[in-house]
Amino acid sequence: MQAAQPTSDFDVPALAPDFGPEVLHPKGAHLDAVAVSAWFGTNKVLERVSLSMSPGTVTALIGPSGCGKSTFLRILNRMHEMVPIAKLAGQVRLDGKDIYAPGQRLTETRKRIGMVFQKPNPFPTMSIGENVTAGLKLTGVRLGKSDRDALIERSLSRAGLWTEVKDRLGNAGGALSGGQQQRLCIARSLAVDPDVLLMDEPCSALDPTSTFRVEQTIAELRSEVTVVIVTHNMQQAARVSQQCAFFLAAQGTPGGIVEAGPTTKIFSAPEDPRTEDYVNGRFG
Amino acid sequence: MAGSAESGISPDQPITIRATLPWADRVFRRGVSGVAGLVLALFGSIGLFLAYQSIPTFNRYGLSFLTRANWDPELDKVGISSTLLGTFEVAVIALMIAFPVALGTALFISEYSPARIRSLLISLVDLMAAVPSVIYGAWGFFLLMPHAKLVSRWISLYLGWIPIFRVNGDPSSATWAQSRFVNSAFIAGICVSLMIIPIACSVMRGVFAQAPLGEREAAYALGSTRWGMVHTVVLPFGRGGIIGGTMLGLGRALGETIAVLFIISLNFNINFRILQSGFSTISALIANDFGESTKPQLAALFTAGLVLFIITLAVNTGAAVLIGRSRSGAATEI
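Which chain is which? The protein sequence lines are A and B, in order. Mapping of the first sequence onto our numbering: position 27 corresponds to residue 27, and the numbering continues sequentially without gaps. Mapping of the second sequence onto our numbering: position 134 corresponds to residue 134, and the numbering continues sequentially without gaps.
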C-alpha cells in the first residue's frame, strides 16, 4: 500500500467544490433527471442519463453534435413529445415530482419550466410589450394595465433589454436585432415566472456583443431561476456555468453523460480522458 | 495625378454591367417569357373582346343597362340589376356556409388530425374539388332541394321577421306553398358552397401547415394549450391564406353556372328574399339565353359577361393585394 497516492493526475485542491460565487437563498426549483432514455422511433438516442440541477446553479450541457444534449434538454420540459415518434423512459423530477407522471398537467409543467430556443422566435405579429406578456395571454392569466406594465418592465429588465426598448414597446418584436430578439424571448419566458429556464444554444445565432449581453443576463438570472444551457461553445460553458455535463455518443450508440461535475473541475481536471480531449478541443 | 495602374480606366462613373448568359439560359428565358406573355395577352384579349362586343349595348341602353331589373330583349328592355343582385346573393350565401366549414376543416387537418389519416383527409377534400359541377347541380336539384325547402320554411317561420327571410304567403298555414320555397338563392348558395369549400380549404390548409415551427414551439414552451397556439401563431400567420382562399372561393361562386342553372328558375324581379323562389345570376342568364339569341341580344349577354369579368377581376385583385400585405402572402398563390 502506497500512502498519499493522488487519486487524479492533477493536483487541484483549490478548484474542487467551486461553484462560483455562492448564491445565498437562490430561488428556482430542483430539477432531477433520473435514468432518462429517449428514442426516435426505434432509434435510441439517449441511454439512462441522470443529472441533478440545483437552484442557484447554471448547468451547461456540452458535447459534440448529435450526442443527445438538445434531446435531453427538450425532455426536461416535455417538448420532446412534440415529435410524434418520440418516446422516453425514466423520470424528470421537478422539486421531487415526476413531470411525466400521469395526472401532471402538460401546460402547467411547461409554464414552470421555460425554454429559450436556438433561433430567436418572437411572435412577429405582436409588439415588444405584447411579446413579453404572450405567456400570460396563452395561459389565460389576465392582468390590469398597471400590473401588466410593471411586469413588462420587470421582465425586460431581468433580460437586460429594458433600457434599449423602453421607448418603443409598441413596435413589432420582429424588428429588433437578433440579439435583442433573443433577449426579448428570454423576457417572454421570464414573464410567466418559471422556476427553471432551459436554453438551447441561445447564442449560436448571435454576434459576440449580443452573446456577451445574453451571458450577462444568464449570470444575473442565476439567483432567481435554475438555468440549464446547451452550448457548443466551451468558453461560454466555462464562463456562464457552475456545473457542467459532458455528453457523448459513440458511433452508432445512444448518447449519454460521460462526466458531470463542477465546471472548473471539468475544464481543469476532468476524470475521463474523453472529456479532457473534448474540452481541450481535440475533437468535436 | 493618377497612378499608372489607373490609366486606361474609365472615369469614376457607374458603368453598365452586362452578364453574358449561356445560350441555354437565353433560350429558356425567352421561352418562359413568351409563355407568360401569351397568358397575359390571352387574358387581355378576352377583356378587350368583351368590351368591344359591349359597345352597341352601352350605346343603346347606356347606364340603364346596369340599373334596369328586367331582361326583355323582345320588348327592347334589357338590364341586369336583378341579375347582379342574384349573383351576389348566391355568392354571399355560398361563402357564409363555406367559410366556417373550410376554415374548420383546414384547421382540423393541419393542426388536430392524427398524422396517420392526414393525407387521406387531404385527398378526400381534393377529391371534392374534382367532382364536376354538373354533378353538384343534379345532386342539388334532385336530392337537396326537396329537403332544403323544409329548412327554408323553418327559417322563414321563425326568422321571417327579418325581411330577407320573409316569403310571400303564410309559411305556417297547413297547406304551405311548397313551390315558393324551391328554386331559391338559398338553395343555389348551399349547392355552390360545396364547390368552393375544397378550394378555400386547400388554400387555407397549405398556409397553416407553413406556420413556423419555431413560433409554434415558443407558444407551447410558454405553457400554451393547442388552441392558444393556433390562436396566437397559426391563425395570424395564416391570415393571408384565409383571405385568399375565401376570395378565391368568392370568385368561383360568382361565376358558377351549371349548378345554379339546375336550381334556378329565371326571374328578373329584384328579390331580396333569399328563401323565395325566383332569381337569376349573370352566368346562368348567359348560359340559358345564349343558344337562342339574336345578334343584339347576344351583344347584351356579352355585356353582362363583361360586368361579371370586371367584378371577378376586382375580387381577385383585391385578394392578391390583401394577401401580399400579410406575412403568409409569400406562400400563397391565387
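In case anyone wonders, no lab produced these hints; they're calculated from the structure. We put the beta carbon where it would ideally sit given N, CA and C, even for glycine. Possibly wrong hints are sitting among the right ones.
As the list claims (entries may be wrong) - FRET-style restraints, in silico, Cβ to Cβ: (1) A:M82 with B:V32: 26 to 32 Å; (2) A:F212 with B:P212: 23 to 29 Å; (3) A:A35 with B:D25: 57 to 63 Å; (4) A:M82 with B:A129: 43 to 49 Å; (5) A:E81 with B:R18: 39 to 45 Å; (6) A:D149 with B:L63: 42 to 48 Å; (7) A:E81 with B:A129: 32 to 38 Å; (8) A:K87 with B:G324: 55 to 61 Å; (9) B:P100 with A:K145: 43 to 49 Å; (10) A:F40 with B:F28: 56 to 62 Å; (11) A:F40 with B:L120: 55 to 61 Å.
Hint check results:
Taking 26 to 32 Å as the suggested C-beta distance range, the pair M82 (chain A) and V32 (chain B) does not conform, at roughly 41 Å. Separated by about 28 Å at the C-beta atoms, F212 (chain A) and P212 (chain B) satisfy the suggested range of 23 to 29 Å. Between A35 (chain A) and D25 (chain B) the beta carbon distance is about 60 Å. The supplied range of 57 to 63 Å therefore holds. Against the hinted window of 43 to 49 Å, the Cβ-Cβ separation of M82 (chain A) and A129 (chain B) comes to about 32 Å, which falls outside the hint.
The beta-carbon spacing between E81 (chain A) and R18 (chain B), approximately 57 Å, falls outside the hinted interval of 39 to 45 Å. Our hint of 42 to 48 Å for D149 (chain A) and L63 (chain B) is violated, since their Cβ atoms are close to 58 Å apart. For E81 (chain A) and A129 (chain B), the hinted distance range of 32 to 38 Å is satisfied, since their beta carbons lie about 35 Å from each other. For the hinted restraint 55 to 61 Å between K87 (chain A) and G324 (chain B), the CB-CB distance of approximately 43 Å leaves it violated.
For the pair P100 (chain B) and K145 (chain A), the beta carbons lie near 34 Å from each other, so the given range of 43 to 49 Å is not met. A beta carbon spacing of about 42 Å between F40 (chain A) and F28 (chain B) contradicts the range 56 to 62 Å that was offered as a hint. For the hinted restraint 55 to 61 Å between F40 (chain A) and L120 (chain B), the CB-CB distance of approximately 24 Å leaves it violated.
Hints 1, 4, 5, 6, 8, 9, 10, 11 from the earlier list are contradicted by this structure; the remaining hints agree with it.
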